[in-house]
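Letter by letter, the sequence shown follows residues 1 to 240 of this note's numbering.
No lab work stands behind these hints, which were simulated from the structure alone.
For glycine and all other residues, C-beta sits at the position ideal for the given N, C-alpha and C.
Please note that a few of the clues may not be correct.
Said to hold, decoys possible - Straight line, CA to CA, 25 Å or less: simulated PhoX-like cross-link-like pairs of lysine-lysine:
hint	residue 1	residue 2
1	Lys189	Lys162
2	Lys150	Lys84
3	Lys150	Lys83
4	Lys162	Lys226
5	Lys183	Lys162
6	Lys150	Lys120
7	Lys76	Lys120
8	Lys68	Lys83
9	Lys157	Lys226
10	Lys97	Lys57
What the hints assert, rightly or not - Label pairs and their computed distance ranges (CB to CB):
hint	residue 1	residue 2	range
11	Asp102	Asn56	24 to 30 Å
12	Thr132	Lys83	17 to 23 Å
13	Gly81	Arg106	48 to 54 Å
14	Lys83	Val34	39 to 45 Å
15	Lys68	Gly144	21 to 27 Å
16	Ala154	Lys61	50 to 56 Å
17	Ser79	Phe124	16 to 22 Å
18	Lys103	Gly81	55 to 61 Å
19	Lys97	Thr132	26 to 32 Å
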Amino acid sequence: MKKLLFCMAVPVFLLGSSSAFADSCTQSGVIEVVGHAKVDVMPDIAVLSYSARDENKDSVKVRNSVEKKITSLYDKALSLGVKKEQIISGSITLYPKYHYTDKSKRVFDGYFCSRDIVFKIDDFSLIEKITTAAVDSGIGDINGFGYEIKDTTAIKKEADTKAIADAMDQAQRLADGFGVKIKKACSLKFEDNNSNGFYPKNRAAVSLMAVKAEAAPAATEYMPEKQSVESNVYATFSIE
Numbered sequence: 001m002k003k004l005l006f007c008m009a010v011p012v013f014l015l016g017s018s019s020a021f022a023d024s025c026t027q028s029g030v031i032e033v034v035g036h037a038k039v040d041v042m043p044d045i046a047v048l049s050y051s052a053r054d055e056n057k058d059s060v061k062v063r064n065s066v067e068k069k070i071t072s073l074y075d076k077a078l079s080l081g082v083k084k085e086q087i088i089s090g091s092i093t094l095y096p097k098y099h100y101t102d103k104s105k106r107v108f109d110g111y112f113c114s115r116d117i118v119f120k121i122d123d124f125s126l127i128e129k130i131t132t133a134a135v136d137s138g139i140g141d142i143n144g145f146g147y148e149i150k151d152t153t154a155i156k157k158e159a160d161t162k163a164i165a166d167a168m169d170q171a172q173r174l175a176d177g178f179g180v181k182i183k184k185a186c187s188l189k190f191e192d193n194n195s196n197g198f199y200p201k202n203r204a205a206v207s208l209m210a211v212k213a214e215a216a217p218a219a220t221e222y223m224p225e226k227q228s229v230e231s232n233v234y235a236t237f238s239i240e
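Given the sequences, and given the hints that come with them, work out the whole structure.
Below is the structure:
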């Protein structure tokens, strides 16, 4: 009987301890702040996406046409110095197309076929060359260009450090302004707003800038915009 009473008393003690901890953080009031920081950095990876498309009554011919364009661009990119691991070639899409007459009769128009190819390169001088190669290969559809940061580890840590400093500065200014003292931190957490960590990875749009050189025809230079790596930290401090 004594053993049973002892075991029943243990949970009560633990609950009381948890309650006492909660009270120590709220009984005198709290300061809640959100620390924010942003670090701007130039991207070092360009992502280029193209599509080969065609239509034909013959499914074999339309597929061969698309594959020929993709293969041509693939080979040209390799000859420019692009590495195989920097090329992502998507699966092929093939489906029949129809239209309906005034009498609601379905009429076969032929087959539509498409295939995407993506390049992730760190040499921005290849952007114009690959685009030219795409046009020469019969690929007229550019899905879009984007820029990424290859390794954000150091930048994330810098943004974290600045966000923490911002939270501490806000808390101290509030405490000083209202004549109270900060006792301790009660709750601290980063904002988890994307699958890659706490920092959104934005895709910058491509900027085109005409560049003229002496004794040379006008050229086109692709210039990325700076990207922002952000960090938010939520902090709650008890005061006295």
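Taking the earlier hints as the rules, which of them does this structure contradict? Per hint list: zero violations.
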